[in-house]
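Those protein sequences? They're chains A and B, same order as listed.
Okay, so the first sequence: first residue is 1 according to full-length UniProt numbering, each after it adds one.
Okay, so the second sequence: first residue is 1 according to full-length UniProt numbering, each after it adds one.
None of these hints come from the bench; they were simulated from the model.
Mixed in with the good hints there might be a few duds.
Identical chains share a label here; the pair holds if one copy fits it or two copies do between them.
Said to hold, decoys possible - In silico lysine-lysine, DSS-like type, Cα no more than 25 Å apart, as pairs:
{"hint": "1", "residue 1": "LYS169", "residue 2": "LYS128"}
{"hint": "2", "residue 1": "LYS169", "residue 2": "LYS19"}
{"hint": "3", "residue 1": "LYS169", "residue 2": "LYS196"}
{"hint": "4", "residue 1": "LYS19", "residue 2": "LYS128"}
{"hint": "5", "residue 1": "LYS19", "residue 2": "LYS38"}
{"hint": "6", "residue 1": "LYS37", "residue 2": "LYS19"}
{"hint": "7", "residue 1": "LYS196", "residue 2": "LYS37"}
{"hint": "8", "residue 1": "LYS39", "residue 2": "LYS19"}
{"hint": "9", "residue 1": "LYS56", "residue 2": "LYS37"}
2 protein chains.
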Amino acid sequence: MSKRIAGPEIERLIQLLAKVPGLGPRSARRAALYLIKKKEQLFAPLSAAMSEALEKVRLCSVCGNVDTSDPCTVCTDPRRDGATLIVVEDVSDLWALERAAAMSARYHVLGGTLSPLDGVGPDDLNIKGLISRVAEGGISEVILAVNATVEGQATAHYITDQLTGLNVKVTRLAHGVPVGGELDYLDEGTLAAALKSRTAF
Amino acid sequence: MSKRIAGPEIERLIQLLAKVPGLGPRSARRAALYLIKKKEQLFAPLSAAMSEALEKVRLCSVCGNVDTSDPCTVCTDPRRDGATLIVVEDVSDLWALERAAAMSARYHVLGGTLSPLDGVGPDDLNIKGLISRVAEGGISEVILAVNATVEGQATAHYITDQLTGLNVKVTRLAHGVPVGGELDYLDEGTLAAALKSRTAF
Numbered sequence: 001m002s003k004r005i006a007g008p009e010i011e012r013l014i015q016l017l018a019k020v021p022g023l024g025p026r027s028a029r030r031a032a033l034y035l036i037k038k039k040e041q042l043f044a045p046l047s048a049a050m051s052e053a054l055e056k057v058r059l060c061s062v063c064g065n066v067d068t069s070d071p072c073t074v075c076t077d078p079r080r081d082g083a084t085l086i087v088v089e090d091v092s093d094l095w096a097l098e099r100a101a102a103m104s105a106r107y108h109v110l111g112g113t114l115s116p117l118d119g120v121g122p123d124d125l126n127i128k129g130l131i132s133r134v135a136e137g138g139i140s141e142v143i144l145a146v147n148a149t150v151e152g153q154a155t156a157h158y159i160t161d162q163l164t165g166l167n168v169k170v171t172r173l174a175h176g177v178p179v180g181g182e183l184d185y186l187d188e189g190t191l192a193a194a195l196k197s198r199t200a201f
Numbered sequence: 001m002s003k004r005i006a007g008p009e010i011e012r013l014i015q016l017l018a019k020v021p022g023l024g025p026r027s028a029r030r031a032a033l034y035l036i037k038k039k040e041q042l043f044a045p046l047s048a049a050m051s052e053a054l055e056k057v058r059l060c061s062v063c064g065n066v067d068t069s070d071p072c073t074v075c076t077d078p079r080r081d082g083a084t085l086i087v088v089e090d091v092s093d094l095w096a097l098e099r100a101a102a103m104s105a106r107y108h109v110l111g112g113t114l115s116p117l118d119g120v121g122p123d124d125l126n127i128k129g130l131i132s133r134v135a136e137g138g139i140s141e142v143i144l145a146v147n148a149t150v151e152g153q154a155t156a157h158y159i160t161d162q163l164t165g166l167n168v169k170v171t172r173l174a175h176g177v178p179v180g181g182e183l184d185y186l187d188e189g190t191l192a193a194a195l196k197s198r199t200a201f
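Produce the entire structure from the sequences given, and follow the hints as far as they go.
Written out as structure tokens, the structure is:
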């Protein structure tokens, strides 16, 4: 804005809102104005929820998930199958798999993938924690639910090597046609994998 | 989420973020996770900016703008032309006109438009404040920058009637082709107005 039209507190709020993914400079202005208008219904509760979450949020020392308790809600849930461990790159992957609601297992969040070009080595990821969790026993299967990218697959290979000799089954997600997907739009690699892993009808 | 995967503070933050315009349930999750990851760089400053703005924000008693001071930054700016008053429906319109940076005038925010069907009458808008500002003198022109909708135009007519006898020039925004607009996509009303108000080339 060429000229100041609002106090510095409002301009700062807009600047920071614009950095939230999903909002840009324009929608941040719109969001700030909406919040100011819905002061009691939304602005006040949101501000309180932010302060509270900010104060309480922490990393789970067991699995690397983010939560407001340590160990986290997933790690302390007694109904989950403790013998299966799903390894994911990021907390967002954990949340995505939970939305699928296909398994009731525990998780281990790596916090990224091996990427030598970016200077990310095994010590920068939560891999040691994974090895010691498995070494403690009680886990029969480790599912590597990393992304199907070069970095993700390299990380999966590294972890598989590290787990050798620990008497645990290591599996990975199936490759294939996404549910609702059209063959015409799929790449050759996916189609080849789907053909290779075909199942009885 | 079918099963609790995070503490109630995080779920509440996601629920409230989802009500911010521009964010939905999916992007609210993504935004919450991003905030948690950028705890020091974004989450903490944003939370502080929200608390501060929430505490300080108020309506300007002169013009109806929202700001952290009363009278607001626009009303107290000594460089603005106090003889011209731009009447807008909403604070967002004030901000939009300021971005155009075409005039350095003062504003008056109505807070909506007359809408008998929704039960919005003259007393529900900041019209009395406008009349008394003009009656106090010192204002030579009132620009009615209301939306080009039926309600906006009805409100403009009502205000013009109220201002009769107060010795002030009442103008409205020009109708015409938007800058960068293509004639082919414009409605007949706009084209007719643009032809009627044609200017020398």
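*Which numbered hints turn out to be false for this structure?*
2, 4 and 7
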